[in-house]
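Undergrad: Protein chains in written order, with our numbering: chain A, 1 to 462; chain B, 1001 to 1462; chain C, 2001 to 2462; chain D, 3001 to 3462.
Hints are computed from structural coordinates only; laboratory data are not their basis.
Even glycine gets a Cβ: it sits at the ideal position worked out from N, Cα and C.
Be careful, since some hints might not be right.
Claimed, not checked - Below 16 Å or equal to it, Euclidean Cα-Cα: the simulated EDC-like pairs (lysine to aspartate or glutamate) are:
1. A:K296 to D:E3297
2. B:K1436 to B:E1447
3. D:K3296 to A:D26
4. D:K3279 to D:D3331
5. B:K1296 to C:E2297
6. B:K1157 to B:D1192
7. C:K2109 to C:D2132
8. D:K3157 to C:D2163
9. A:K201 to A:D331
10. B:K1436 to B:E1043
11. A:K196 to A:E297
12. D:K3034 to D:E3017
13. B:K1157 to A:D163
14. B:K1196 to A:E297
15. C:K2296 to B:D1163
16. A:K157 to B:D1164
17. B:K1116 to B:D1163
18. A:K304 to A:D248
19. C:K2436 to C:D2046
20. C:K2436 to C:E2420
21. C:K2157 to D:D3164
22. B:K1109 to B:D1075
23. D:K3157 to C:D2164
24. C:K2157 to D:E3297
25. A:K436 to A:D26
26. B:K1157 to A:E297
27. B:K1279 to B:D1163
28. D:K3116 to D:D3075
29. A:K157 to B:E1447
Unchecked claim - Partner residues are not named here, just some residues of chain B that face chain A (Cβ under 7 Å, in silico):
30. G1035
31. D1164
32. E1189
33. K1216
Said to hold, decoys possible - Pulled from the structure, derived: some chain D residues nowhere near chain C, Cβ distances all over 10 Å:
34. A3020
35. A3038
36. G3069
37. R3143
38. E3176
39. L3198
40. K3216
There are 4 protein chains.
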Amino acid sequence: MTSLLIRNGTIVTDAMEFNADVYCEDGRIVAVEKGLDAPVGCEVVDAQGCYVMPGGVDPHTHMQLPFMGTVASEDFYTGTAAALAGGTTMIIDFVIPNPGERLLDAYQKWRGWAEKACADYSFHVAVTWWDDSVREDMGTLVREHGVNSFKHFMAYKGAIMADDGVLTQSFPRALELGALPTVHAENGELVDYLQKLLLSKGITGPEGHPQSRPPKVEGEAANRVIQIAGILGVPVYLVHNSASDSVDAIERAKRAGQRVFGECLAQHLVIDASVYYDKDWNRAAAYVMSPPFRAKEHQESLWKALSGGVLQTTATDHCCFCDDQKEAGRDNFARIPNGTSGVEDRMAVLWHHGVNMGRLTRTEFVALTSTNAARIFNVYPRKGAVQVGADADIVVWDPKAVRRISVETHHQNIDFNVFEGMEVTGGPAYTVSRGKVAFERGELRAERGAGRYIDRPPRAPY
Amino acid sequence: MTSLLIRNGTIVTDAMEFNADVYCEDGRIVAVEKGLDAPVGCEVVDAQGCYVMPGGVDPHTHMQLPFMGTVASEDFYTGTAAALAGGTTMIIDFVIPNPGERLLDAYQKWRGWAEKACADYSFHVAVTWWDDSVREDMGTLVREHGVNSFKHFMAYKGAIMADDGVLTQSFPRALELGALPTVHAENGELVDYLQKLLLSKGITGPEGHPQSRPPKVEGEAANRVIQIAGILGVPVYLVHNSASDSVDAIERAKRAGQRVFGECLAQHLVIDASVYYDKDWNRAAAYVMSPPFRAKEHQESLWKALSGGVLQTTATDHCCFCDDQKEAGRDNFARIPNGTSGVEDRMAVLWHHGVNMGRLTRTEFVALTSTNAARIFNVYPRKGAVQVGADADIVVWDPKAVRRISVETHHQNIDFNVFEGMEVTGGPAYTVSRGKVAFERGELRAERGAGRYIDRPPRAPY
Amino acid sequence: MTSLLIRNGTIVTDAMEFNADVYCEDGRIVAVEKGLDAPVGCEVVDAQGCYVMPGGVDPHTHMQLPFMGTVASEDFYTGTAAALAGGTTMIIDFVIPNPGERLLDAYQKWRGWAEKACADYSFHVAVTWWDDSVREDMGTLVREHGVNSFKHFMAYKGAIMADDGVLTQSFPRALELGALPTVHAENGELVDYLQKLLLSKGITGPEGHPQSRPPKVEGEAANRVIQIAGILGVPVYLVHNSASDSVDAIERAKRAGQRVFGECLAQHLVIDASVYYDKDWNRAAAYVMSPPFRAKEHQESLWKALSGGVLQTTATDHCCFCDDQKEAGRDNFARIPNGTSGVEDRMAVLWHHGVNMGRLTRTEFVALTSTNAARIFNVYPRKGAVQVGADADIVVWDPKAVRRISVETHHQNIDFNVFEGMEVTGGPAYTVSRGKVAFERGELRAERGAGRYIDRPPRAPY
Amino acid sequence: MTSLLIRNGTIVTDAMEFNADVYCEDGRIVAVEKGLDAPVGCEVVDAQGCYVMPGGVDPHTHMQLPFMGTVASEDFYTGTAAALAGGTTMIIDFVIPNPGERLLDAYQKWRGWAEKACADYSFHVAVTWWDDSVREDMGTLVREHGVNSFKHFMAYKGAIMADDGVLTQSFPRALELGALPTVHAENGELVDYLQKLLLSKGITGPEGHPQSRPPKVEGEAANRVIQIAGILGVPVYLVHNSASDSVDAIERAKRAGQRVFGECLAQHLVIDASVYYDKDWNRAAAYVMSPPFRAKEHQESLWKALSGGVLQTTATDHCCFCDDQKEAGRDNFARIPNGTSGVEDRMAVLWHHGVNMGRLTRTEFVALTSTNAARIFNVYPRKGAVQVGADADIVVWDPKAVRRISVETHHQNIDFNVFEGMEVTGGPAYTVSRGKVAFERGELRAERGAGRYIDRPPRAPY
Ligand SMILES: [Zn+2]
Ligand SMILES: [Zn+2]
Ligand SMILES: [Zn+2]
Ligand SMILES: [Zn+2]
Ligand SMILES: [Zn+2]
Ligand SMILES: [Zn+2]
Ligand SMILES: [Zn+2]
Ligand SMILES: [Zn+2]
């Protein structure tokens, strides 16, 4: 029996702050009280001066994703280890079947890949095509495999794009299963047109990437999918909102009484489109992800959407490609594998630029990095809470810890860090995963295979 | 030489009111002054107590349209005659090629059909498919045939629908030609899905029509096409906005600095969706048009959009199908030919419910029924103005004339009137077309073939 | 030692639903687990088929308020008893000093009046005038008397109105104390003008009440106070939003990153302005409260604002005046004492029209009737939670209980019920206050003086 | 008899462009046709390569205004001369009575001062206080003195501020007279509070000016006055909108069907708040005007509001104070006389940054610099039009003329130019005032006293 006592900290949840100790046994929290004594043999963590918060939940990662002709360099082992180093104790990754591939087959494949994970994980499953087998597999996944969300890509024409016809099949199916449709919202037809137009004009470098995916491309798709969901009576979750255009679409829908959830990435909150004009091709290419980074004014819009309740979650879309992989697009920006790292840095970036800068309260920080995702994807209060009965996934956060983010020191398996050089104050002193200290003041003790697949039941009570 | 003097009236334009006489020769206005004398042989109209205004321009009609397996009952002769009876002196109709049909061929066919028109007319040409010949014909039409606007249907899947791929080809082409893309905005994919869903549930009657085309279906498409136009840098004109959803999309775009024009139909301003629940199938079917009539609250939104400058024009989408034609959809609402009459009644409905009810000023009435359409489609001040040099297309409007609109008395070639029984105060005492009195206090003197095709040059100065 | 076990119910909080028993001792919850055994002497409540939820918190009542020349008929004893009968276990009432009166003096007076309360209570304190003593007393109230919110009336010119000058003094003071300014938002100058105008036209009946307080009067003041708060950097809470105008103002501010909270009353959600045109003067007068009831379309806007997160709390502004009191305005609507009952009916109305009608989920119901108010006014999780350590203020809600609301059967001390005749499904089977059953299936066992004053500390962690 | 022929130009009005000559006699346009011959003795202007447009109307100037303890350095002679040098042929200035002063007395005083004007002029009259004499004088001014607009200052507390009580008296009076209320919208109470706060913190320099008048101060007042006007049923005109906050308030009202007009100043379109941080006190002070210059993002919002129809007019608030006058606020920014020049530069700034930059079409330029103001203040088509019967107030605009704006070369009587150093392409080749060439390619021939007072009748037909 493992046991752990976290003493002297200030507990912060999404709703309150109070002083108490936390005692964990066998991976669960069994007591939250002041002045607890440590049983014999119990490991003790001193949280003096620290905040004791639910471990982060990153609801959007892509470990070892096969994509654009290569495979993401970060696998489920290294990726969840890096997550723990940053205070994140659970990820929700994506099963992405090829068009024509059975959803169940793809799901089993990803389950196999993920067995080496050090932290808990779960899977959204993508609907990239449609026939009766897809409908059937959606049912099986919900009923038998703990899946309660299905992803749809409105971009990537000719590959995994789901057009309006697929959406009108998949969304009502999700609704009857009590599952939540999630969406990557960009107008794939426009992206395709603009890519070709730019290439025909000789624009082949990374600057073509943001030019082929302007904010309206995202805003249009966001509004469209929200209207489609509204007509079909389905709640919907929009991943990685990067522009005020899509945020505004979400807000309009919420004001009209529709149930819409929105996510944004730590990266979009602090990085702007100027990076694509770096004269060093490799640096510019390293930032290529979709949606791209935006003009600076969008950042403030995202922060306000987070504090104002328009967006509910933060994620990273962590999807790592190294220099030699990015090279595939040397002559054509449209072939640069899309993706950046982030899973290790999300919480520190949110804390530093959010809490330290006065944009977020600490309770909001917890809601936005952990609790809200746990609720929306229906694993609360198992995850996202510091309370008796919850999983002992906890981060002991030192508000005074200073770190300079760098590829030199990060744990992510990628040769670039989009936050390179950013100094952040506040970070994990300890990360506790399933009741064990997996990270302690700079030392990573992640255990390969210690992570568990988390079933997510349908019909969340939101 | 024909000559005509209109005396003693109050001239109302889109910008001012003043007392003056109007003298016309050979179809043009040659003097606008107080106290003009009538030359020998000159016809004299006494406009005492009346407003002398530019004749109406209806920028959206479909005379003798082949559609949904039949042909609209109103032809260019009867349709323009009815227009004159209502004070409208010019229509802009639509050439709608079948997918695969050369635009020029279709254009010539429609030109032939229209030779019998009594009033002036012009044509938007629809882009219902795409290949290089379409691109080429668009150029020829603009340069040689006086066409400066091209229509796109986002609905009618499997027939004339233009998907996003067609729009991204056609819009930039229109832009380089100095022509204006116009759009019927409804999400055709959703309409198709909802029609099938409703039919599968046994909903086959006319009430299925509005249920398969809810406001969001229109609002989504409106927003989408505006964003597409915005990305491509093209101005765009949205026909028949019927719902606050699309009006809001236009307003947002205008506020963001985009050049967007919007039209609404006289019918949508005063008729609501309850008509589709009429127990008499034939009555309910008679109201089937797209977009359908809406819940009452949308009407006030449209009126405010007209007075507030969000919408600029009023039209009718005049497209007549008689009872036996509507029968085609007896067992399936989706097969009821879409369309209603309106060209004769538009101006009276706008005056009565607009000016008399205090929603519009008289100058706004002129702008919204005539001048704005003339400007946007670049035939101003030839049309839409009462000034020296303009075509003598004039309506002498008697604000005290009372009429009960009815199929019994209307001049339209259709066995139903959607405004049946509506009493309106204010109507044409005289309608002058090309300098001749074509309608005089109830007596229609329209002359078959007297109408002329009006060239519309590209690059309007808006 | 009192002890109570609530068995077999489904616990619903603002964030989740789960099956567990709840064991309370000495007024606090000490265990929330499945399969708890009842100690000897422990009272047992069977919650089979019921939801076990935090007791309601009504953050806006006026018991025995001296107002408009009379005193509200409901006192702290009868009012809190009625609250318990409806499932509400805490009220936050208002200390309203006369202009010139020391805040501390008024506070002590109200504390005395409230000693007879049966349920827990607290006080907002109104700032109705300004000088240095007010500044000083605000500090004393926060530091020594558990007050963390100050109320401001933008209406009631010539009486308790706080003009912009007072607001600019009081708001920064509240900010430095960590207290929350709350506001009744109506433009008092306009109300005064319109009252006089209407009276001068001979409109003296209750219909003059809504005509003198149109939605723009509220929307204007809401926007104004939000901008003032924004400039001063102070969070602000707007009471009783009744119109889409003020909801829109709140939404705009939230989207712009400002911290604004909004409340709405159960009454405004379901009653419309037609009541003021009742031919029975007494009935019409009974509905006179400010803001007045609105045209129906505002109701849907309020519901959407509740589910969409624009408004966070529901209240009643419970302020009872009987027929003979209302008579004071027989000849002048402006003299009709403003107020209606509601404290007993709020939760049932919210459940029936919210949850049963599909507008709200059960977790949202809890948030909107209890948890959010507890958080904003910083008594969470003592109130607003069903968890170990919380006060044992619990409602066991029977979703099948049917009640016809009526003055005949209600427990409120007023001779009229604005919900008269409304049949609601869902209501309290048991209300538990401080660990004791105060209401059991129709039988009220409220105990005079059992309620306690609840200190509310400053600097809530929102 | 003076006569003038303008040949070979392209006429641009608010609605169209065409090639024609313009012949003027005795101060009026008597022919607009192609190929006109010059009568004997007729002066001829060659407009080859130029645009012939209505002379500018600046609806907001303050010549020789007594204000803040001094008098504006620019008088009606020098000011209208400078206007002519810039292509503006009419100004509407302001009569501003002191509180307590009879409106008629003030009006007569200003009429006397203005007799030396070189160009046509008219007066808005301010309502700075209220009693029955004000009501009476408003009537006399409308009926007998050609006044159709009344100005209200919501700022300048303790001086000329009109509080909500004055507005509710004055607006209905204007309505019954058919006159238009105009408003300077800033919350005077907040300005006063912020000024004192800043001064108490030792902020005494010009940077205190914008800090004491943030955008919300303007947006709040704009929204308030619009709601007040809406409740009272009065159209309203907001002068000098400088921030997206007030523009948004106007847009919301227009969308809601209210008749609201908005103006913006050339200065706010291109100058931002950084000027107040100039280390040279005198330079910083020279930019002090109210509302102050704003952060850059507001500029794009204003441009979009102009092209999108939310704002209708451009003006300058021309109000000149020289260095020694500005010195009055050396130790207290609140005492720096408010005002800058602009009347000479407005049209060139609008053309260069509007038309040349692709933000405005030429027809929009005419509407925004001349026609719209003429319409709103009901002097159209006497002013604001190039058509037979109009006053011969014309600007012949050379789109290739290049000028570097500078205090060294301007004609304005002030020792500073806020546009100093700005190079503009496009400017007046000739300015024609009442049929005479008053400015010719750099040479000013303005004639003292040649300007006439222009009666503006009530009840404009907008
Ligand atoms: Zn994505
Ligand atoms: Zn992704
Ligand atoms: Zn259509
Ligand atoms: Zn049509
Ligand atoms: Zn109140
Ligand atoms: Zn109250
Ligand atoms: Zn001003
Ligand atoms: Zn001014």
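Undergrad: All hints are to be evaluated individually against the structure, with a verdict given for each.
TA: Results of checking the hints against the structure:
| no. | hint | in the structure |
| --- | --- | --- |
| 1 | A:K296 to D:E3297 | 12 Å, holds |
| 2 | B:K1436 to B:E1447 | 10 Å, holds |
| 3 | D:K3296 to A:D26 | 58 Å, violated |
| 4 | D:K3279 to D:D3331 | 15 Å, holds |
| 5 | B:K1296 to C:E2297 | 12 Å, holds |
| 6 | B:K1157 to B:D1192 | 7 Å, holds |
| 7 | C:K2109 to C:D2132 | 21 Å, violated |
| 8 | D:K3157 to C:D2163 | 14 Å, holds |
| 9 | A:K201 to A:D331 | 13 Å, holds |
| 10 | B:K1436 to B:E1043 | 9 Å, holds |
| 11 | A:K196 to A:E297 | 28 Å, violated |
| 12 | D:K3034 to D:E3017 | 13 Å, holds |
| 13 | B:K1157 to A:D163 | 14 Å, holds |
| 14 | B:K1196 to A:E297 | 44 Å, violated |
| 15 | C:K2296 to B:D1163 | 40 Å, violated |
| 16 | A:K157 to B:D1164 | 12 Å, holds |
| 17 | B:K1116 to B:D1163 | 35 Å, violated |
| 18 | A:K304 to A:D248 | 11 Å, holds |
| 19 | C:K2436 to C:D2046 | 14 Å, holds |
| 20 | C:K2436 to C:E2420 | 30 Å, violated |
| 21 | C:K2157 to D:D3164 | 12 Å, holds |
| 22 | B:K1109 to B:D1075 | 14 Å, holds |
| 23 | D:K3157 to C:D2164 | 12 Å, holds |
| 24 | C:K2157 to D:E3297 | 39 Å, violated |
| 25 | A:K436 to A:D26 | 9 Å, holds |
| 26 | B:K1157 to A:E297 | 39 Å, violated |
| 27 | B:K1279 to B:D1163 | 36 Å, violated |
| 28 | D:K3116 to D:D3075 | 9 Å, holds |
| 29 | A:K157 to B:E1447 | 55 Å, violated |
| 30 | G1035 | 57 Å, violated |
| 31 | D1164 | 4 Å, holds |
| 32 | E1189 | 4 Å, holds |
| 33 | K1216 | 4 Å, holds |
| 34 | A3020 | 48 Å, holds |
| 35 | A3038 | 59 Å, holds |
| 36 | G3069 | 25 Å, holds |
| 37 | R3143 | 24 Å, holds |
| 38 | E3176 | 13 Å, holds |
| 39 | L3198 | 12 Å, holds |
| 40 | K3216 | 5 Å, violated |
The structure does not agree with the numbered hints 3, 7, 11, 14, 15, 17, 20, 24, 26, 27, 29, 30 and 40 stated previously, though it agrees with the rest.
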